[in-house]
Amino acid sequence: MRMPLFRKTKRWGIILSALLLSSLLLAACGENSPSILDTHGPIAANEAFVFYVILVIATIIFVGVESVLIFSIFRFRERPGVPNPRQVHGNLTIEVIWTAIPALVLFVVLFFTIQGLYQVSAQPVGKALNVRAIGHQWWWEFYYEDYNFTTADTLHAPVGTIVHVDLFSNNVIHSFWIPQLTGKTDVIPGHDNQKWFRADNTGEYLGICTEYCGTQHANMRFDVVIDNSDTFQTWVSTQQQAALTPAAGSLADQGAKLFAQSGCTACHGIVGVDVKGYYDPAKDCANFNPAPTDSERCKVGPNLTHFGSRDMIAGGVLMNNKDQCQPGHLENCNLAKWLADPQGVKPGNDMQIGPLTPTQINALVAYLESLK
Amino acid sequence: MATRAIDTTTTVVRRKTLGETYIGEWLMTTDHKKIGIMYIVTGFFFFFVGGMEALLIRTQLAVPDGKVLTPQEYNAVFTMHGVTMIFLFVMPTLTGFGNYVVPLMIGARDMAFPRLNAFGYWLVLFGGTFIQSSFLFGQPPDGGWFQYAPLSEMSCGVHAAACTPGMNADFWVLGTLLLGVSSIAGSLNFVVTIFKLRAPGMSINRIPLFTWMTLVTAFLLLFALPSLTAAGGLLLLDRHLGTHFYQAAFHGDPLLWQHLFWSFGHPEVYILILPAFGMISEILPVFSRKPIFGYTFIAWSGVAIGFLSFTVWAHHMFAVGLPPIAQAFFATSTTLIAIPTAVKIFNWVATVFGGKLNLKVPMLFALGFVAMFLIGGLNGAALAVVPFDYQVTDTYFVISHIHYVLFGGTAFAIFGGMYYWFPKMTGKLFNERLGQLHFWLMLIGANLAFFPMHNLGLLGMPRRVYTYPAYLGWNELNLLSSIGAFTIGLSIMVFLFNLVVTLKNGQPAGDDPWDAYTLEWDTSSPPKKYNFLTLPIVRSRRPFYDKKYPEIADWKQVIH
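Top to bottom, those sequences are chains A and B.
Following our numbering, the numbering of the first sequence begins with 1 at its first residue and continues without gaps.
Following our numbering, the numbering of the second sequence begins with 1001 at its first residue and continues without gaps.
Bear in mind the hints are in silico, worked out from the structure with no lab data behind them.
No experiment lies behind these values; they were computed from the predicted model shown.
Ideal placement from N, C-alpha and C gives every residue a C-beta, glycine not left out.
Careful, some of the hints might be misleading.
Chain A side only, calculated, beta carbon under 10 Å to chain B, not exhaustive [what the hints assert, rightly or not]:
| no. | residue |
| --- | --- |
| 1 | Phe51 |
| 2 | Val82 |
| 3 | Gly183 |
Just chain B, with the same shape it has in the complex (with noise of 0.2 Å):
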């Protein structure tokens, strides 16, 4: 075989373009993979910055009569913390573990706009970072994550000049529109990409329950997110266009924004959980070594809760003054979601009942989040029982509820989806020891700091209080839970420590390092950038078992 001579004469060096940059192929990326862990990385960062706002809140109130805080401070900080975990932390980072895994695991080559995926991408940092800096101006929103009108009116009265007069309202509302375009773009692109571009052979009824729940997520956020543009659009109409649509003295209704947000915001709560029980529901099975029970009745689950999640938003409105009736139809709305929720949790137990399992870090935080999820939903179901709602909505019983099925849930499985999926993403293994300490650390600060909320509740302490009297009873409870948030916090340093460690000398992981199931796992890790050199074969609900393991194959085994 002949060589080939290297033509040293008339090789021309040049200046490498933007987009060969290391940097800029990050910039510029449409890659999904990339984009997904732009949007973790981005999502794990204002985790920080609302865990900050978190131990903040937990000083504050460690004992009565704090003075870390100003009021004002306070409500800014209580404020920022819901709206920076809910828009900032949970979304986008569940949306970039699917943006990651799920064009994998249906055997795509990537999402079916990968530009419109990076234009999503970045009206999260810029949206963030607008939010954020309504801190620089010293204006942050104070009105609460869900800024019911008329506090966030410019004004409320001639008696009550103590509303919104300046941008803190603004900010919250833009702010949001801003996220709300990004996550609308982000969800067309899933429910395209989810129904258009799955490999042959992977029928809906075979696509991984992370993938199910992406797909009804994204249905979630494409009917919900109106209404929070309406209600945002005509909050900024009356504070600057001279509209009376929340104002009473010109007979507009507050109670109208009330409706409009939990319209939205209803919704949003399953946007935020769904994803999460996708993820759990994957790492069960692939750690208890038997494939998930149920997948039917988990996915159509899924579904229900998707539908029903419209018809249940006035359980945050029990206390202002409804007619019984419209009550009581809530009420078993409320109860009727229950009901798919409660499925879900009976399948995951019985995928773990009978298995082998393997009790790495993904598995302790995949049945943490069983553990956990399982007290929020019950004190949620509590809550839609209106008699002993009146009593304590608005108290810290409903903290410790969305705490629970938001911390105890989402966060923990978060954590599980980030040790399971890191070493696909970047070859390296998290330390186990490491993993081990921050999940115990999480479950018992979880616990302590949001368990004893139960209590406080139902001992009369209300919600969103900058302090507390010191002799009603209250202190030792509040002291307790702020030792568990620190105790998070330090789990959370924990975590830290075990990244940056890994990222230095990690393990090797390997491609495939837990024996998994589904199709993500059947590349190199990180995957190359066109994910699969041939497309994948698809007979069953667990297609690279099956290619490990063609003996017992799921499709010799059963009928999907």
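So here's chain A without its partners, still in its complex pose (with noise of 0.2 Å):
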């Protein structure tokens, strides 16, 4: 295949490769993508720090080894009438230049490397949140151990305070990441994991797992909810009382009732209905052959006590869309959807009840969206 001689070939593989590597940038551009690079706390900056000085390196890396290459191949290929090429087997000089430059380049990058780990890993001293992020098969629980109250799928904190995080499992492995805010960290069983991080700017961010954990790996997302103090202050004292009563007579209390006897109790803990106060889970469920008064601590699934202020349904696999789920007009109430059935929602969950009517359904959305 003749190829045209094409002139300023190394400019070509310049803007070539440039290209290709600018497109990295657009990372920073994924709409409501939760980038690593949109960072909003001071570990994520300073990881995302790092990434522009290997970004930038390994562009010119690239585009200095690509251009040679792309050069030599239009330069040196094959015409009629060329010699052949002197028999060069090797340069010393040059083997010892371009082993030690790059080793110099690398042990820059390895100096960043080490001085990035070390500051993300200690912590700074002061006040600070301390929540127990637990993982299970597949939705996350946080128990904020400061003010004993549990919630599910959603993860509030106030701007600007250390939020130290402890992580457990008492299943398999999962992993603790908010992109946005902070790198990731394992969620090992029998190992007390702990990290922390800062959100300098209040707002919604997502939280992920990400350590393959079974079946539904994909949908074991967290809502990460940043107030200013007075806000999550409020937040807080409403955490810690018990479920609200429905007005007797409403929806919301036949659905009450329909939760206390359909069987919802034998997996979910509302506190004031079912179960009589919140749990620390690392202290209650750490075993694996939970006593039987432990069954009241270590429910399969969820805490519902405040599930109307939650944003996540089952690990965020629907959101919580509350404004759609008026009485009598559920068409497009992820809730309801959910009751309906979560088999089909999310395939493999543990979540496994009989068809519930219309009406049922009806009844529980009115009663679990007035749980705020």
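The two chains are supplied separately, each in an independent frame; assemble them into the complex guided by the hints.
Okay, here's the thing in structure tokens:
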């Protein structure tokens, strides 16, 4: 295949390589993506900084080497009349140079690496919010150690405050990751891994499980809500309360009765309904052969005491779109979809219930969404 | 001269023994060339199986909320994609090329242990069949190709019944054990062959680089496989005999699995790439019409990589909560191992620079290898930067890395080797135009498939997910990646077509279609059963070049 002689082949090489690499920068622009370059806290900022260092060095090397390669392909291709090339076997000087220079560059990078890893591992002194993050199959539970309450799928924290996370699993390995705030740490049974992070801007961020943990690993996300401290304190006080009792005779009240009597309590706890209070799963659910009294404390499913205040259902497989859940108008209500067919929404998860009638779903939705 | 009358009265007609039939010859052969071909054919068969699995994955992930596969199916498919590609495509195919080419390259008649060689091959076929048969039982391995404990245990505790109660993990362990035995047999054979059966004059300093890399790979296999055997054996004990090595509830430790597995797993990835490095180091000089630049440096980089590969394993575990000082150690060792790899790339580019490039298909694949492997090496070095790794480990960024080095690297090298040595094995030349079409489609497809995965990782997409929601901004990149995957599939169709057409009536290749430098070309195509009629004469690293061009022979120019 004869190729026309390209002039300025080196420039082509540079342009093409630069184009390819610049697409990496588009990573900051993914709409609504939990991008690691869209940082909102010091750890993520630190980690994004090393990425930019890497990107610059890698781009230079990439453009340099690929250009020489592409240039050689065009410049030295066989044409009629070209003599045999010099049979060069090697050159010691050049070997030393191109061993030493990469070694130097790599050791500079190594310096940033070791500095960075120590920087993010050491939790700064100061007041911290202590949360235990428990990985279940396949949802996240959060036990607030300072306040003694539990929530699921949602992690609230005040802006500017250090959050200390204790990671706990009594089943398989998971991994706790909030790309815009911090890199990940694995949650390993038998290990008490800990991490810290801080969010410097209010807002909602996405948390993701990033260690393959079984069938529904893909749907094990959590919501990270960073409030200013007043909003956070209000939230804490609400969460510490037992569940709101619906007005007698209301649709929500029917739902409450259904909840208590239809077997939901086998897997879900609501404080004031079927459980007396919150508990620390690390203390009570660490063993694998719990005594009978522990069954109240180690329910398979999430605690629903304040379900109505959450934005996610079932590990984020659906968002809790409460405004679409008006009684009698549940066509687009995600909670209704979940209750109608949890296995269809999240195949393989632990919630296997007999079919519910639309009336029952109507009542349950009203009740659960009322649990603010 | 008296003619001999044919005695027509006492000829006995008898049936052929099994070994004299066409099928029987292949079934009972101990000839390294036939065994090499069987390895390669088997390897390519599993390449299609693994490729189908890849296309299933990419079809499921082409759009958000995909419904092509159930989560259980997807998890089995991605697991088996990894297992099939690594254990049943790359390793057997590289062993096959090694088997075919290495004895010829060193001027030997066969491998040192021909029957052990055959045993190794049949184990691959049976081990591969065994592990694929798990689909027929409805219980294919589904815990990832790395099968982390405790997910691979029978049960994980009262509140986590969803572990692996079925045979899935057992198929994985027993299958990899079988295949491991095959690799050990093959490695022993290579080590003894390369040390003991070289033609006179072929010092270790003069063996072709493909032989060098095969030698290092053989040692890596011998030292790395015991870790996998231990890991798998302990898992079998946990699953069936009530031990608790990996179970935290009984004072075992899930991390033990990871340390044992990656002590195998890291040398394993060098096992998957070093022979490919060797192939490239053979093809580039021949098609640049000059010797490999820096033979000694490339050879010793390979050895350095071999040693260092045992010191880096926990870079797969930066997120598990190792003490920072341990992480710093592994970051350092991983950085170190990048240096010999960089040296190799520079030497390959220097081989091409100043040459007279014959841009036939093997050369295209070799050049494509250098270009693609460079990207894989750079994003691999990025992963060694621990704080960055905390963000992108277990995301699509890593998938991009592994596919740039394994597909852009090893697979490109395997196809390069295929186009290069096929004429020697069969006496027929592949169709050049179809080969070029294959190359360009594959190059474009691979970049389309795997480059967007860098971005996906940076945008937060985790690995091993059977689907993703539509509102996280990952849709277009996934679609692009799937298009790339199907482009690769198309390129493989072109290759298959080329294969069929060539086998039927391909152009005769002759003994030395590429004007090559090493001894395997100093034979007929295909070579006679005994390889060489007389001992080849070796006075340099390019003995066949010396024979063809005695006035400018290497041994007259330089002393090696």
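Hint numbers contradicted by this structure: Of the numbered hints, all hold.
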